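**Student:** Each chain, letter by letter, is given below.
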Amino acid sequence: MVTVGRKPARRRMQVTRGYRVFQAVNAVVLTVVVIVTLYPFVNVVARSFSQESYIRAGQVNLVPRGFNLATYKLVMADDMFWANYRNTVFYTVVATAVAITLTTCYAYVLSKKHLRGRSALVGIAVFTMFFSGGLIPNYILITSLGLKNSVWAIALPNAISVFNLLVMKAFFESMPVELEEAAAVDGLDTYRILWRIVLPLSKAMIATMVLFYAVAFWNSWFSAFLYMDQSDLFPVTVYLRNLIAGATGAGSVGAADADLQTAANIQAVTIVLTVVPILLVYPFVQRYFVSGVMLGAVKG
Amino acid sequence: MATRSRRRVAAFAAALLAVSLSACTGEESSSDDLSGNRVGAMSDYAVNSQFKATEALNFSILYNNHPNYPIKNEWLFWSELTKRTGVTLQPTAVPLSDYEQKRSLLIGAGDAPLIIPKTYPGQETPFVASGSILPVSDYLDLMPNFKDKITKWNLQPDVDQLRQLDGKFYLLPGLHENVWTDYSLGVRTDILAQLNLTAPKTWDEVYTMLKAMKAAYPNQYPMSDRWSKPTPGGALFNYMAGAFSTNGGWGYRNDYWDADAKKFVFTGATDGYRQMVTYLNKLVKEGLLDPESFTQDDDTAIQKLATGKSFVISANAQELVNKYRTTMAETLPKATMVKIPQPVGPAGEVKAGSRLENGVMISKKARESKNFVAMMQFIDWLYYSDAGQEFAKWGVPGTTYDKDASGKITLAPDVDYVKLNPTATKHLQKDFGFGNGVFAYGGTTALLQSTFSAEELEYQKAMDTRKILPVPPPHPYEDAEAEQATLWETPLKDHVAQMTLKFILGQRDLSEWDAYVAELKAKNSDAYIELVNKAYDRFAKQRG
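Sequences listed follow chains A and B, in order. The numbering of the first sequence is the working numbering, which starts it at 2 and goes up by one. The numbering of the second sequence is the working numbering, which starts it at 527 and goes up by one.
Just so you know, the hints here were simulated from the structure itself, not pulled from any lab data. Warning: the hint list may mix true and false statements.
Ranges between beta-carbon positions, derived for each pair [to be verified]:
no. : chain 1 : residue 1 : chain 2 : residue 2 : range
1   : B       : K835      : A       : M77       : 29 to 39 Å
2   : B       : K808      : A       : A84       : 52 to 62 Å
3   : B       : I597      : A       : S145      : 50 to 60 Å
As the structure is a computational prediction, the values presented were derived from the model and not from experiment. For glycine and all other residues, C-beta sits at the position ideal for the given N, C-alpha and C.
Given these sequences and hints, build the entire structure.
**Tutor:** As structure tokens, this is what we get:
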């Protein structure tokens, strides 16, 4: 309340001519940036509702022309689409939960300067940023661990993103040591310090990480494609990817009318269908998102 | 893995020893002894006989799942196949979008199904060295229909192209009776009529036609082409090249087989290539061919056609009907368009192309199966017998199609396929699993053309009479050679592609052709061709 009350006074003092010009320029530039970023997306939405011939003639801009839902209907009428959509949600939730737990634990440990062998542990993580076992060894590993055709094949190999780990480590390092010391004096052990003191103070960081991981898992298709052998286990990304390939490939000799419509705006429909749900997550974590990244990055 | 397969080999060897104690020969000959692999096989299987396993068999198969007709367990195809042959296929469904990648992965990890279809000629080469793929050429005696078609259609030279350094081939290709050409020029016939022109038959007449169009519409390019991404002129150069005794576009290879001289020459430096480039340069120079043809994406080219800015474009049967005509119907209702037979060039009435289609690889481990012989007979029946091919494409007579006494096939009235019965409620591919790209391809010209429209048949009739150019002979490399060839190939190919465009677009004058050839030599084009010819000679001698 206090800050809100103080604001008008401050602003009155600063409104000089130069500041007004600055604001005008700012408004113009930012509006342009917004238009430039929004236009492609609005265009995609418009295309997704447009008729094939208008798309092909390049006549669709902001408003759908020849409004129709043929491709939406085709995609959504397929039971496999919904089955795979459920998989995507399930995989994203499980994999994000696993990833957040493991990354937090690893990062917290690494942030403790008195830990012996700390640099070796960091080294192990960073090593995987540059080198990996390769496709076939990974596949053999996952297969012989019996993870194939299960959610763990997606969740476990990607549970720790080294980039996220390092950001989080930097964040924990930037926390005042005194806080934890005080908690220790009050009789808390390591685990309870993490659970009661550190984590509540890290909500911003965790929210950011949830967003990073969730978006990554939502969009990912490759590990599912590698480790799943049945169509009904695929996430929706693999389903739509295949649909695009089939609609745009030269192999579909003698495509029917419905397929033509599909080929024309399948990409647009796909983008809308996969982007909208994850887009809805943003407003909820956006608040934390800004300050979270700043905290980790600046002080690390 | 290693121990497991070693154990398996050991067990196999032990079994063999037990079966044929008397035969104290080395491993080499025992591996060709099929006596332990005949369970379920027919003893009297021959050309045109119906394959039927003597006991129920299961074979695993890698399945390329097409999104337009996603795999269903209840397809009539599976049940009827089991009824006719006694074989049940167990598919591992892989999305079409990334089929190749998963195939490499599964083969590399030793996890591949026994039957690996949808493999294009050349794609099998990377797997040969690993020893995980069966050298099928060793077992052709088990495949009477395959051998019969090779002989009947004179396909030996085509199949020889598949041979690896060891003289064997590892892919059972799909076989076509004739070269099937689909790509050619699409021309606006209403403009031809308006200008009192007839459809051009030669590339010279194409030039005259474009010239006349330009005279009538001086402010636009009469031709604007597509299929230029990622290979500029991919389709155009490809189907033009045959007429100029060279190759280009999608089909570009650095080595061109000079059938008269019986040796390979460097494609980008041949006279034919120069003639083709010169011709196209003339079109661009005189404003007949849109210079953007080689850089624009397909949609832009089609937009130019649909808005009347161009009249001529590369076409195939499907794109003509599905895209050009439907789009123009909205924007230029009076426009009509046909695909003209490929224009003839200096090489005369010829057509180039391969008669091999994608085909089947077989896992090496299949050889150890007691059902190996039955499996080969089964593959031979399904993919290479007339009956099997008709079954895979059209289904079951009386249910999905009918065949009259003259052999003419008619689709059942309640079934649709390639828009033959657009109002039908059921679909041959989606609801029955026939006409499936995994099982149905190749075959006789009659079978291939049984789905063509009257218009496309007309086109094919015109093309059918042309002489088929000989295919280049095989020249498999030794390992070190292969490495060296790869090092040379890519820079050469890039330079040819780059200069081809510069010459055509007039950014480089054709008088500099000799300088260009010298640049190729500086990039080892001579050494490269020498290597190819050496490999060819050696292989030809080896095979006698």
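**Student:** Checking each numbered hint in turn, tell me which of them this model violates, lowest number first.
**Tutor:** The structure conflicts with hint 3 only, although it agrees with all the remaining ones.
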